[in-house]
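Q: Protein sequences appear in the order of chains H and F. For the record, in the first sequence the residue sitting at position 334 is 334 according to the UniProt record's numbering, with numbers rising by one throughout. For the record, in the second sequence the residue sitting at position 209 is 209 according to the UniProt record's numbering, with numbers rising by one throughout.
Bear in mind the hints are in silico, worked out from the structure with no lab data behind them. For every residue, glycine included, the Cβ atom is placed at its ideal position computed from N, Cα and C. Hints may be right or wrong, so weigh each one.
As the list claims (entries may be wrong) - Coverage of chain F stretches by chain H, computed from C-beta distances (three or more under 8 Å per stretch; other residues unrestricted): (1) 184-197; (2) 525-535.
What the hints assert, rightly or not - Pairs of lysine-lysine, DSS-like flavour, derived with a Cα cap of 30 Å: (3) H:K391 <-> H:K353; (4) H:K453 <-> F:K531; (5) H:K72 <-> F:K101; (6) H:K531 <-> F:K72.
Number of protein chains: 2
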Amino acid sequence: MIEQKKIVIIGGVAGGATAAARLRRLDEHAHIVLVERGADISFANCGLPYYIGGIIEKRESLFVTTPIAFNKRYNIDIRTKTEARRIDPVKKEVELYSFEKDKTYIESYDKLILSPGASPIRPPIPGIEDPRIFTLRSIPDTDKIKAYIHEKMPKRALVVGGGYIGLEMAESLHHAGLRVTICEKLEQVMMPLDFEMAALVHQHMRIRNIQFYLKDGISRFVTYPDHIEAVLESGKVIQTDMVIFSIGVRPEVELAKAAGLRLGETGGIWVDEYLRSSDEHIYAIGDAIETTHLVTKEKFLVRLAGPANKQGRIVADNIYGKQEKYIGSLGTGIVRVFDIVVGSTGANEKMLKKAGIPYRASLTHSANHAGYYPGAVPVSIKLLFTPDEGKVLGAQVVGLEGVDKRVDVFATAIMSGATVADLEELDLAYAPPYGSAKDPVNIAGYVAHNILKNDVEAVYWSDVDRVCEDGKCFILDVRTPKECELGMIKGAVNIPVDELRNRLAEIPKDRRVLVYCQVGLRGYVAWKILKQHGFDARNLSGGYKTYEIVTGKQENDDVYEYDRITVSDQIIKVKPSA
Amino acid sequence: MIEQKKIVIIGGVAGGATAAARLRRLDEHAHIVLVERGADISFANCGLPYYIGGIIEKRESLFVTTPIAFNKRYNIDIRTKTEARRIDPVKKEVELYSFEKDKTYIESYDKLILSPGASPIRPPIPGIEDPRIFTLRSIPDTDKIKAYIHEKMPKRALVVGGGYIGLEMAESLHHAGLRVTICEKLEQVMMPLDFEMAALVHQHMRIRNIQFYLKDGISRFVTYPDHIEAVLESGKVIQTDMVIFSIGVRPEVELAKAAGLRLGETGGIWVDEYLRSSDEHIYAIGDAIETTHLVTKEKFLVRLAGPANKQGRIVADNIYGKQEKYIGSLGTGIVRVFDIVVGSTGANEKMLKKAGIPYRASLTHSANHAGYYPGAVPVSIKLLFTPDEGKVLGAQVVGLEGVDKRVDVFATAIMSGATVADLEELDLAYAPPYGSAKDPVNIAGYVAHNILKNDVEAVYWSDVDRVCEDGKCFILDVRTPKECELGMIKGAVNIPVDELRNRLAEIPKDRRVLVYCQVGLRGYVAWKILKQHGFDARNLSGGYKTYEIVTGKQENDDVYEYDRITVSDQIIKVKPSA
């Protein structure tokens with residue numbers, strides 16, 4: 001007779017449910033107990049904002065499974081509405097409390113898996129206890145928000161925090177017909193992005209008439225029967241009918257901490273590469289654990305469903321004698337903000353600076369598919385890579401279409417240790433509706449590789465003011481006069497690239513030349529011409545498009561240079577849909 | 001004074017134009033001559049079908065650049081309407097003929113780049129000279145077809161050949177309002193796919209009421225004033241108003257051959273890894289050359305714009321002293337066939353067999369994004385991998401949405417030497433509109449890795465009849481009764497997976513059990529249960545979905561099992577749009 005193994009899992013969403021299913025597939029005979037504080041297991045966490053906004057119509061769609069169905073399929077001993085209150089690692093016991101039965105009882109285990117997740121941060125701001133100020137984590141949270149919108153028909157909503165959930169909620173509430181305001185304490189939304197890429201999001205929100213405040217936190221809420229006043233740290237006052245508080249989450253580590261389990265430097269539960277905690281019989285997975293960033297090798301907290309699911313599977317395997325490592329995460333993420341899609345993978349500049357990793361950067365704007373095929377729209381890419389061999393460290397992608405594809409390609413490339421030269425060579429699928437003979441990924445690779453080889457000397461938007469102060473530079477705009485009418489860098493002189501060879505005499509030889517075009521391609525051609533004629537030139541990476549967005553000089557149409565192999569005089573206007 | 005280099009390029013589309021632009025960027029002072037037989041350079045080859053069909057509305061959109069604009073930008077000596085008639089490698093001269101001036105003249109070169117492309121095959125079938133029987137390669141071909149449709153308003157079109165161009169033309173003509181028939185000599189369309197994946201395309205064409213004939217070539221055309229009769233080899237007769245002949249292309253090697261340049265085993269111009277021909281001063285690129293398949297290492301002819309562009313850039317660099325290698329191609333390709341998208345990268349079974357490379361295969365059908373988010377549709381993936389370490393050899397992807405993304409991820413993975421275990425770990429971007437916590441790529445990796453580790457014993461659709469003959473197998477359908485009503489494998493017994501543990505007594509222990517579900521996931525769960533209870537079981541890879549499509553038993557709706565983490569009882573119907 002085989003000894004029956006008993007495994008208790010705390011937390012029945014994402015990682016916890018995946019672990020349970022995998023455990024059963026590995027062992028028909030184990031006793032698997034799944035403990036969940038809420039009434040539901042394995043619900044669609046990431047779908048909650050879309051249900052609130054009405055894009056997902058049916059509440060039942062949110063349930064990936066039910067306790068009954070899950071038990072039928074996998075023969076799991078499911079304890080919903082049950083909270084784990086204490087772990088005794090010595091006795092290998094966990095104290096459970098049933099809300100329904102108001103009863104505390106002890107459950108022993110051979111192996112314990114902690115998958116408690118993370119809870120929204122709700123700081124003690126005056127007024128925050130008002131029931132019209134919501135956080136979003138669970139189905140009950142969702143039901144409350146949905147009921148409030150349905151019953152009270154609020155017209156205005158304030159979203160505090162411009163991260164993934166904040167922006168998804170902003171979009172969803174906008175979709176539900178509310179007038180949405182966003183308030184973010186930092187200088188930008190979407191911290192996985194560097195500033196100039198976040199500026200594309202800011203620009204898009206301006207176009208969509210979304211009111212937002214940056215570098216401004218909430219100092220207090222003043223609540224009235226018919227509305228709420230949010231008083232910002234700047235003193236500004238926002239009147240609203242409801243608030244979504246989404247400034248971040250905190251790993252639920254109380255249980256682990258009380259049991260004497262080690263916590264990591266970032267405050268998450270510490271685990272080894274096999275996802276085992278400091279107690280050999282306790283594993284931990286999901287939003288509550290500290291994991292390793294694959295690029296920086298620094299510890300970080302990742303709150304994404306993909307890693308949680310992968311970890312659930314690995315833990316189950318390791319309990320059954322395998323030695324599978326969780327290699328860490330790139331933190332790959334994506335979010336749609338109205339019409340624009342924002343994705344990132346690997347490290348950004350802030351992370352690289354913190355980790356002391358040297359890097360170089362490239363900025364490109366290319367069309368998501370062949371420019372001659374209807375519907376081409378720009379995809380902006382920031383690439384970070386090592387200054388020696390050009391190993392890709394991170395990528396940020398912003399655009400209207402085709403963003404998810406490029407993020408996934410970059411994620412795959414980074415995980416395989418690819419260099420920017422490898423990106424050039426990638427043999428990607430091209431047909432006019434789907435890409436270009438030179439995909440935006442290839443182009444990003446070309447530009448980054450040029451920078452790496454010093455085949456072009458690049459200057460970044462953030463350097464322009466410094467490089468150009470006191471007239472040290474001759475600023476050369478090589479776009480067409482028509483493009484220049486819509487705005488130029490202050491002090492620039494316009495010589496279209498196609499006239500440059502005949503007008504070299506107009507450019508002083510004793511000053512450095514800062515050359516730029518709309519996105520950087522014609523600037524590169526011009527740089528090549530100037531360099532070979534003995535000028536000391538620099539090309540502006542990302543071109544005027546990046547510069548004007550960052551400096552806030554453009555708030556209307558996205559004037560965009562066609563990604564043609566050779567000639568880029570033609571500009572197309574991309575109007576966001578209403 | 002620097003010596004001026006003179007470079008002549010034969011062929012001004014894709015690779016040739018790219019090489020010219022790159023050469024100029026590398027050397028302001030070179031004399032660069034671009035020779036093109038047609039009137040246009042650098043036109044959008046891949047866009048021609050879409051212009052004919054009216055999706056691309058303006059003819060001018062097809063011109064990536066014009067000779068005048070290209071010359072302005074890059075100072076290239078462009079000779080359009082000029083044919084290269086002879087190369088003298090000893091004298092380093094090329095004989096050019098100007099159609100406009102009806103004049104032959106000699107041009108010397110320091111380096112010569114051949115980029116002549118490939119021309120459509122037009123076999124000497126009786127009647128093929130009829131002007132209503134078209135091939136498609138150039139702008140004049142396009143103008144002819146467009147004019148014919150505009151003037152004669154044909155109602156019916158026959159497309160001969162079911163490759164990329166044939167299917168794009170079928171879609172485009174359908175879009176233009178013609179009733180399209182396709183005729184393919186082989187047993188399937190889209191040769192880059194293996195048969196069961198092509199069967200998904202056949203199924204889709206049936207749903208869209210596209211008439212098509214497989215395993216049937218054209219024996220002759222009988223032409224009448226008001227229509228054409230295509231007589232098939234089977235004797236069937238198709239009446240039509242126009243024919244697109246797209247059975248393939250042939251590299252244009254006559255010039256190279258006459259100059260004594262070496263041709264490769266496949267008939268393309270032989271080049272070394274630096275893209276140099278057998279003459280040290282002559283390089284060759286694009287559709288006319290023979291290149292190396294990155295997976296099989298066999299020589300093959302690739303007719304895609306991406307490789308041609310990459311080669312153009314490399315050749316220019318190598319002429320200027322670099323030693324850049326063209327590493328070869330995966331032949332990554334994609335095509336939209338009405339609503340369905342078909343992509344592939346790397347090697348298929350036919351290629352692996354030919355090259356004698358051992359492999360294993362997996363078939364998965366998962367949702368393109370979270371099932372609970374509106375609009376989820378199935379993506380079918382066939383993965384081929386080595387039987388030892390599981391290195392990915394090739395991938396085929398068919399579905400309505402999200403196909404291009406998965407093909408590009410697989411292409412990136414294959415180029416980096418990834419294994420199926422690496423696919424499991426890929427940290428891809430997930431938000432409900434874009435993917436799942438377990439992306440179809442991850443799921444393909446899981447299933448393939450399970451097969452590799454013998455964590456499941458798989459049987460393929462092609463084995464079913466053999467494995468099950470003479471009642472050797474107990475065939476077990478673990479879907480719901482509702483799913484079974486729509487069709488089962490002959491002789492199968494239905495026990496839903498959720499009842500299996502309680503009904504094991506109904507399954508004979510002395511026979512092998514072939515278990516299947518809709519796509520393979522529940523079959524895997526059932527296999528795990530059976531195996532642990534001592535049964536000798538096999539799971540059908542790709543499930544009933546693959547089996548029924550291949551055996552032609554399903555011609556209507558695509559009944560599709562929801563990709564849920566755990567429970568997959570729910571089936572959703574995907575109706576193609578009208």
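Q: Confirm or reject each hint.
A: Quick rundown of the hints versus the structure:
{"no.": "1", "hint": "184-197", "verdict": "violated (count 0)"}
{"no.": "2", "hint": "525-535", "verdict": "holds (count 5)"}
{"no.": "3", "hint": "H:K391 <-> H:K353", "verdict": "holds, 16 Å"}
{"no.": "4", "hint": "H:K453 <-> F:K531", "verdict": "violated, 57 Å"}
{"no.": "5", "hint": "H:K72 <-> F:K101", "verdict": "violated, 83 Å"}
{"no.": "6", "hint": "H:K531 <-> F:K72", "verdict": "holds, 18 Å"}
When the structure is compared with the earlier hints, violations turn up for hints 1, 4, 5 and for no others.
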